[in-house]
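Please construct the entire structure, taking both the sequences and the accompanying hints into account.
From first to last, the protein sequence lines are chains C and L.
Counting from 1, one number per residue, gives the positions in the first sequence under the UniProt record's numbering.
Counting from 1, one number per residue, gives the positions in the second sequence under the UniProt record's numbering.
Be aware that a few hints might be false.
[Claimed, not checked] Simulated restraints on C-beta separations:
no., chain 1, residue 1, chain 2, residue 2, range
1, L, G30, C, G58, 38 to 44 Å
2, L, A181, C, A321, 55 to 61 Å
3, C, T312, L, G72, 22 to 28 Å
4, L, P199, C, V258, 58 to 64 Å
5, L, G72, C, A24, 51 to 57 Å
6, C, Q287, L, A213, 47 to 53 Å
7, C, A270, L, P63, 53 to 59 Å
8, C, G58, L, R348, 43 to 49 Å
9, L, G339, C, A24, 57 to 63 Å
[As the list claims (entries may be wrong)] To give an idea of the chain C side of the interface with chain L (calculated C-beta under 10 Å), a few residues:
no., residue
10, R7
11, R26
12, G89
Hints are computed from structural coordinates only; laboratory data are not their basis.
C-beta atoms are modelled at their ideal positions from N, C-alpha and C, and glycine is treated no differently.
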Amino acid sequence: MDSLLVRSAQELFSRHASSEAVRAIRAGGSPGSLWGELENSGFLDALVPEEAGGIGLGPAEALPVLIAAGRFAVPLPLGETMLARAVLGGAGEAVPQGAILLGEAYGDAARVPAFARADWVLLPRDEAALLLPAGAAVEDEAAGSPLGRVLRWPEGAGRRVPAGDLLVAGAWAEIAVMAGAMERILEDTVRHAQDRQQFGRPVASFQAVQQQISVMTEDVFASRMAAQLASVADGDGVARLNPVRIAAAKLRVGEAAVRVAAIGHAVHGAMGITEEVDLHLLTGHLQAGRMRFGGEAHWGAWLGRRFLADNTGETLAFVRAQLGPAAPEASA
Amino acid sequence: MIGALPLAAIPPEDEALRPEIRAFLQEAVGEIPPERRARSWMGFDPGFSRKLAGRGWLGLTFPKEYGGAGRGAFARYVLVEELLAAGAPVSAHWIADRQSGPLIQRFGTEEQRRFYLPRICRAEAFFCIGMSEPNTGSDLASVTTRAVREGDGWRLNGAKIWTTNAQHSHYMIALVRTSGAPGDRHKGLSQIIVDLHAPGVRISPIRDLAGDAHFSEVVFEDVLLPGDALIGEEGSGWMQVNAELAFERSGPERVLSSAVLLDEWANWLREVGAGEAAEALLGRLIAHLAVLRAMSIAVTGRLVEGESPIVEAALVKDLGTEFEQMIPTVIAETLARPGLVAPGSLMRTLAYTAAIAPSFSLRGGTREILRGMIARGMGLR
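Structure representation (structure tokens):
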């Protein structure tokens with residue numbers, strides 16, 4: 001099941017999310033064709049419970065699809081739509097057509113990624129959420145930045161819907177996409193180092209370059225592992241995500257993202273800064289993803305407090321009980 | 001390019017060992033002050049090793065016919081994890097249990113297995129490993145200590161240095177040249193077992209910056225060894241050593257060397273409360289610990305399935321030792337506040353761990369060597 005899903009995701013993105021297609025959508029072109037493919041693929045209902053008409057997969061099974069999306073820098077909220085549909089479908093709410101972004105409260109407005117295109121924004125509001133039509137939003141350009149557009153709706157807009165912890169859900173989607181983006185950056189960087197000649201030999205043959213790419217490899221593997229740990233469904237939130245796991249993974253992936261982006265650009269000799277090289281599409285995702293749904297300091301303090309309030313004892317015991325590679329009942 | 005590591009979990013039958021081990025450790029090491037427990041796998045106490053042997057926890061993975069418990073790698077993982085988290089003084093039997101025993105089991109003759117393995121399980125045979133020499137560090141193939149055939153046995157001359165526990169051990173497994181010249185590199189190297197009480201062996205302990213003497217220089221002057229001192233094939237020393245090192249790169253000992261300090265600090269924060277900055281650092285360390293542990297268990301899972309995840313193991317060791325070094329660094333940072341009063345035992349634990357931490361990324365393969373291995377795995381060399 002898992003490998004079939006990954007294969008079909010990779011095939012879909014190879015065909016419909018080429019660098020040109022991604023760039024066209026980012027530049028304001030219609031995402032309709034790529035989105036249509038995603039709708040037809042069935043991925044969107046992967047996390048919706050079976051009793052609500054979905055496929056009823058868990059986060060661990062959906063993870064490889066989002067990692068693949070991250071590898072292609074897909075500028076559409078695939079993971080977030082999957083999560084939003086799980087929230088709405090699970091609560092018996094009508095699920096709208098189209099892409100749904102998870103917005104973050106930004107004062108009385110919503111912050112959403114600058115490059116992502118969507119039809120709806122699901123915004124936490126007073127223990128529930130508002131499902132808001134993206135087309136009706138007014139953009140606050142003075143408050144916006146490449147790290148996020150700031151959107152505002154007229155009073156009374158949108159439909160009030162019940163919602164779980166959307167911060168945790170959104171963080172999981174970012175963890176997955178960022179882990180995927182880092183895998184692709186590693187591959188691109190290795191290939192560049194092998195192809196690019198300087199001083200009469202490939203830059204990959206220089207020990208200083210090899211050591212940097214080794215550090216990058218470590219961070220990429222750690223991030224993949226963090227994403228897998230975050231996808232163990234032993235919580236009681238959206239898709240049974242567990243905030244303790246999300247805290248640890250978002251922090252670890254955020255830390256890795258900084259180093260991976262820096263080494264990627266360094267080994268590319270800053271060529272990735274130029275518009276035409278894809279590297280900046282991926283590092284741009286990392287930069288934005290790190291800022292969304294809580295960064296390292298937020299989740300670090302959250303996790304530290306959680307540990308201090310817990311009576312499990314030493315750090316290893318806490319990690320075994322709450323952050324193990326399997327759900328506690330499976331390893332107890 | 002190497003593939004992602006699938007998550008692996010410790011099987012329930014191995015997890016089941018944990019409560020008994022924890023109860024034993026509570027009793028056996030609970031009273032030892034943290035600055036001693038911080039020695040982690042450098043803490044030497046033969047009495048403790050004998051107690052573990054009494055519980056059947058030495059040679060846990062050795063076959064029963066040789067005195068072992070016949071358990072798998074994950075059972076040992078649970079045992080080692082608890083021993084290191086508690087800061088138990090495991091050093092006396094550590095090398096025999098972790099490396100020498102498995103090496104003898106794999107490459108030794110039936111007579112060698114029957115002689116050494118039961119003694120290791122009873123904590124009666126402690127081992128050290130003779131690899132480094134005065135002029136041989138990371139470039140291990142350049143060893144010059146030489147064993148020459150003499151009658152049915154061997155005559156050994158040369159010197160080993162930085163040999164952990166040589167002064168306390170019964171035996172050394174040494175990497176020596178048995179044929180050819182240093183220029184032949186990997187060819188002509190063999191592993192031999194040296195009885196450290198044999199005439200001609202001179203051991204001089206070397207004192208370290210913490211006042212401990214856990215390693216020694218060992219000089220061999222015309223040491224006569226029997227023919228069965230050779231372990232494995234003559235000339236296969238290099239291959240055997242590499243097989244041995246692959247197993248020692250990814251275990252809990254590459255993640256938990258600073259665990260006693262981390263827990264002392266965390267326990268103190270629980271008592272006195274923590275500000276946002278300390279909470280964030282604590283959370284950061286816990287996040288790293290969780291991910292590293294999952295990676296280490298995943299590599300163990302691969303080993304159990306008979307694979308040789310050499311590059312993945314190198315990744316875990318480099319990241320793990322970086323984490324072990326990060327712990328004293330960030331804890332020192334939070335404790336260095338004008339006017340802040342912290343317990344003396346915490347400060348002594350910090351002092352020891354911070355001073356010894358640079359060695360974490362040197363022992364068992366330096367950071368640069370490991371990164372070179374990763375680069376090779378990525379197709380860069």
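A quick look at each hint next to the structure:
no., hint, verdict
1, G30/L x G58/C: 38 to 44 Å, "40 Å, holds"
2, A181/L x A321/C: 55 to 61 Å, "57 Å, holds"
3, T312/C x G72/L: 22 to 28 Å, "27 Å, holds"
4, P199/L x V258/C: 58 to 64 Å, "59 Å, holds"
5, G72/L x A24/C: 51 to 57 Å, "54 Å, holds"
6, Q287/C x A213/L: 47 to 53 Å, "51 Å, holds"
7, A270/C x P63/L: 53 to 59 Å, "58 Å, holds"
8, G58/C x R348/L: 43 to 49 Å, "47 Å, holds"
9, G339/L x A24/C: 57 to 63 Å, "60 Å, holds"
10, R7, "15 Å, violated"
11, R26, "28 Å, violated"
12, G89, "27 Å, violated"
Hint check: violations occur at hints 10, 11, 12; the rest are consistent with the structure.
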